[in-house]
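Place chains E and B on chain A using the hints.
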Amino acid sequence: MLSQFHVQTRSRNEWRCITDDIERIVRESGIGEGICVVFVPHTTAAVTINENADPDVPRDMVLALNTIAPDLDAFRHSEGNSSAHAKTALVGPSVSIIVHKGRLLLGTWQGIWFTEFDGPRTRTVYVRVLGDR
Amino acid sequence: MLSQFHVQTRSRNEWRCITDDIERIVRESGIGEGICVVFVPHTTAAVTINENADPDVPRDMVLALNTIAPDLDAFRHSEGNSSAHAKTALVGPSVSIIVHKGRLLLGTWQGIWFTEFDGPRTRTVYVRVLGDR
Amino acid sequence: MLSQFHVQTRSRNEWRCITDDIERIVRESGIGEGICVVFVPHTTAAVTINENADPDVPRDMVLALNTIAPDLDAFRHSEGNSSAHAKTALVGPSVSIIVHKGRLLLGTWQGIWFTEFDGPRTRTVYVRVLGDR
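Protein chains in written order, with my numbering: chain A, 6 to 138; chain E, 6 to 138; chain B, 6 to 138.
Chain A extracted, bound-state conformation (with noise of 0.2 Å):
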């Protein structure tokens, strides 16, 4: 099964929680045993997973690539967002997780975040649900 939902990023550098919205796919997808391939179709926003409890750990996570992959004199590109290009080439376009009874099979602390880095914007994510019902 193939869904795709939208994101409204409000800032340039945003982690954005989107575990629900695939969690509610793979169970629209019927699918029990398999995976599920998340997918950005952006070059300067990504996908990743990491801690969903204290608030301040995706703050941490902005402040640590902005410091990380800062923009750099030396960059051509005139957009003027290659360090968002970069942070993308860092996190990664996609994520698969597995899928078990038909729920995501994610670590207690986990959760699916979409990442910002040259909002604000109206974003797309692509979810393919593969497996046995």
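Keep in mind that the hints are not guaranteed to be accurate.
Below, in silico cross-link-like pairs of lysine-lysine (DSSO-like), each with a Cα-Cα straight-line distance of 30 Å or less [said to hold, decoys possible]: (1) K106/E with K106/B; (2) K106/B with K106/A; (3) K106/A with K106/E.
Partner residues aside, some chain A positions facing chain E, computed with beta carbon under 7 Å [said to hold, decoys possible]: (4) H11; (5) V12; (6) I23; (7) T24; (8) D25; (9) N55; (10) E56; (11) D59; (12) D61; (13) V67; (14) N71; (15) L95; (16) V96; (17) G97; (18) W114.
Everything labelled a hint here was simulated from the structure, so no lab data went into it. In this text, a Cβ means the ideal position worked out from N, Cα and C, and glycines have one as well.
Just chains E and B now, kept in the frame of chain A:
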């Protein structure tokens, strides 16, 4: 087929080779042609693929990641392990490997590494093998 | 369907667009709805997805990664290419892309990039397309 196994890490930061565990699970799955998704259900540990020949490579990788994602004074997360969360975002929670003729299709020098960033802890790894016999 | 092809890189660090190669393999697979796993069987090269429009983007990404993961005096690996191994850990060995109506479901600006960190070399890329006709 879905499997899991445990890894007991011994240091704060440690790369542990888990290729043999994954290879065994693929063999037991009976899948001949498909893919294998390795997933780490933690938020301060990850999984990747890198050289498994010279032990100085995983040693240098621990050093590289400590340098790339150090503790920052501005971090607020009260557990004090935000750098471990940042390393997890950089390395990622899952890898997908091709299965061919019932074996992992890895390159000559590649091994699969469980990467601990906040050990020592007892950790879990999930493995889904998908495909045809 | 499993396929492979070769990439001849020309520089120490180089981003080479391989979208057309992957698109051709997906078409030849006859798979209509599924996923495509692109896997790089090397330990000093990786694969990712990023903008394929302005050539300054891959140029800036080489610069960004050289800055993020430089050579460190404390590295011990005797081949002297630990920074290439570190870049590989950051970018990752595989990407999973959704296949829909027999095509890669990429965003408007996205291309698939083979990222060389220790060239020039002749490299291999493995591709598995999984799903239904």
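Hint check results:
Proposed proximity of K106/E and K106/B is supported: the alpha carbons are some 28 Å apart, at most 30 Å. For the hint linking K106/B to K106/A, the alpha-carbon distance of about 28 Å falls within 30 Å, and the restraint holds. The straight-line distance between the Cα atoms of K106/A and K106/E is roughly 28 Å, inside the 30 Å bound, and the hint therefore holds. At about 23 Å, the closest approach between the beta carbon of H11/A and any beta carbon in chain E exceeds 7 Å, and the interface hint on this residue is violated.
The closest approach between the C-beta of V12/A and any C-beta of chain E is roughly 18 Å, which is over the 7 Å cut-off, so the hint fails. Proximity of I23/A to chain E is violated relative to the hint, the smallest CB-CB distance being about 14 Å (cut-off 7 Å). Interface hint status for T24/A: violated, as the beta-carbon distance to the closest one in chain E is roughly 13 Å, over 7 Å. About 18 Å separates the beta-carbon of D25/A from the nearest beta-carbon of chain E, more than 7 Å, and the hint is not met.
Because the closest C-beta pair between N55/A and chain E is about 5 Å apart, less than 7 Å, the hint holds. A hinted interface residue such as E56/A counts as satisfied when its beta carbon comes closer than 7 Å to some beta carbon of chain E; here the least separation is about 4 Å, so the hint holds. Look at D59/A: its Cβ gets to within about 6 Å of chain E, closer than 7 Å, so that hint holds up. Below 7 Å, beta-carbon pairs count as interface contacts, and D61/A has one with chain E at about 4 Å; its hint therefore holds.
Interface restraint check for V67/A: the shortest CB-CB distance to chain E comes to about 10 Å, outside 7 Å, so the restraint is violated. At about 10 Å, the closest approach between the beta carbon of N71/A and any beta carbon in chain E exceeds 7 Å, and the interface hint on this residue is violated. The interface hint given for L95/A holds, since its Cβ lies 5 Å from the closest Cβ of chain E, which is under the 7 Å cut-off. Interface restraint check: V96/A against chain E, minimum CB-CB distance 6 Å, threshold 7 Å, status holds.
At a threshold of 7 Å, the smallest CB-CB gap from G97/A to chain E is about 6 Å, leaving the interface hint in force. With its C-beta approaching chain E no nearer than about 5 Å, W114/A sits inside the 7 Å limit, and its interface hint holds.
In the structure shown, a violation is registered for the earlier hints numbered 4, 5, 6, 7, 8, 13 and 14, in ascending order.
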